[in-house]
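These protein sequence lines are chains C and U, in that order.
Position in the first sequence (first residue = 1) + 278 = the working numbering.
Position in the second sequence (first residue = 1) + 33 = the working numbering.
These aren't lab readings, by the way, just hints derived from the structure by calculation.
It is possible that some hints are incorrect.
Claimed, not checked - Chain U stretches covered by chain C per the calculated footprint, using a threshold of three residues with CB under 8 Å from any CB of chain C:
{"#": "1", "segment": "88 to 96"}
{"#": "2", "segment": "106 to 117"}
{"#": "3", "segment": "130 to 141"}
{"#": "4", "segment": "144 to 156"}
We put the beta carbon where it would ideally sit given N, CA and C, even for glycine.
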Amino acid sequence: MFLALRELKHAKMRYMLIALIMVLIAWLVLFVSGLAQGLSSDNASSIQNMNADYLIVQKDADHRLTRSTVPEAQLADIRDFAGGSSAAPLGVQMTAVTKAGETKKLDATLFAIETEGMLAPPIAEGRMVDEMARDEAVVDISFKEAGIALGDVLEEQMSGQQLKVVGFTKGQSFSHSPVIHVNFKVWGSIKSAVSRGGTGDGLQYNAVALQAGAAKADQIGESISGIEVITKDQALQGIPGYKEEQGSLLMMVAFLFVIAAFVLAVFFYVITIQKMNQFGVLKAIGASSRYLARNIISQVMTLSVASLAVSIALTYGVAAILPAGMPFDLSPQLVVLCSVLFLAVAVIGSLLSLYRVVKVDAIEAIGRAA
Amino acid sequence: MNDKLRMENVTKVYGDGDISVKVLTEVSLEVNAGEFVAVVGPSGAGKSTFLSIAGALLSPTSGRIALGGEDITELTPPELNQVRLDKIGFVFQSSNLIPYLTVMDQLLLVAKLAKTPRKLAEAKAKELLQRLGLAHRRNHYPDSLSGGERQRVAIARAWMNDPEIILADEPTASLDSDRGRDVVQMLADEVKLHGKAAVMVTHDQRMLDLCDRVVQIEDGKLFE
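Given the sequences, and given the hints that come with them, work out the whole structure.
Here it is, written out as structure tokens:
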């Protein structure tokens, strides 16, 4: 550290510039990561927060809840294997609603659940839908921003079904739209209104949620034909746009890391080349390669840690003034993960310089008028 | 153990096979404590190679070399590194100070490499700077020093670890003759004061009267 700090202090301008670049890159990394995380939960928090381990969907539905249908009869089969309370049916329908008396449409996704079963979401305000009610719903709290309050009535677009808001949930969204939870009575009447025919063949579900270990899940998957048991993560990937959205953000972050590595590598390489003669002198007066290598590493580390600290502060600062609707969610774990990766990348970037320093021959110092 | 540097039949050959060049041939030299030896000779005669071998920067092709009584012919590069740190003080052609260290830190760096306790190192550095008339320049950077001052700092740095021998590579090359003479005088005084040894490679004839002994290198051979 003796040489490292004194050099940083002496060549402030030079190192400030590189630190500035690192701050900007790290800032962007953190910001995009937070955005990815935020979008991910904005997109699919209902699935992420779902109190289940697996989802059973129709085979060949491509892991998409919205494409899959599981008939009522199959639910009974599944329950035979899994035990009654650890399998719960789920209906998913993307739709739009309007507040009664208004014409403005609001995107929403209907989730039909057994209101006393394991899929019932925690209620943040109001109460849960009654199992027997014919017109009740609990809606995600983001509906409040659209001016929906407890007791308001929403009208479902396809069927004209009236839904009375009796409660609010938190963090329930699917495919970027807030989720409305209803019971299967309401679900049934919406479905029959849409198909305009009888519902003679019983209710159709989109999926069955399952609480079970891997062995049980495999067993069910093999025993019942026409279904597929997928993990929650696979179900997430099956949400339209989820994979593409996360994939492109992840690619940006990956590129930023690569760019950071190269920027650092080039900067320290050029500086090292410039100081070859100096390193020769240092070796001639007895500095070991290890000492000089440690010196470079500690410079890289000092710069990276300082830049990271600044960019973390900047990221949280900007996050604080973002509008509330902006999907941004940066957990401390994610910050730590990004920081560790960033430091690792910085060290990798300095390897080229270390190699040059190790190769410097002390004899460079002799017979040179520098 | 009076000989600080002993070279016996040292030969250095660069390259191999058909294109080998013999730079030093059977060079033998002994430098005793308190002795200040000048090595002169035309360019290309092998002065730099001679100094590099004496300074444990290069290994000889054949022959033996001992520093302060310790044979260093067979040592590995990391061991040679340690030898340079403990036993040799270098003064280079253009002082080669580290640009981002103050005069004081130039000296402390050497102590730090040798893991000398800081208090001790500071006292020693202060004393050296005092003696070489650099006390008032302690917190200056090399770029604000004159050429002579820089060379004096280099001499102070070379003495920092109490080496057996000082090796100077044309220390006066970048100085006018008065300044150069001051610097060499200082080197000579230090050698006498501590009972150490010094070898100076130079082609500056005006400095030779300050040395105890002058040896000549010509075509890789050494003459007394």
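(message) Of the numbered hints stated earlier in the document, which are not met by this structure?
(response) No hint contradicted; all consistent.
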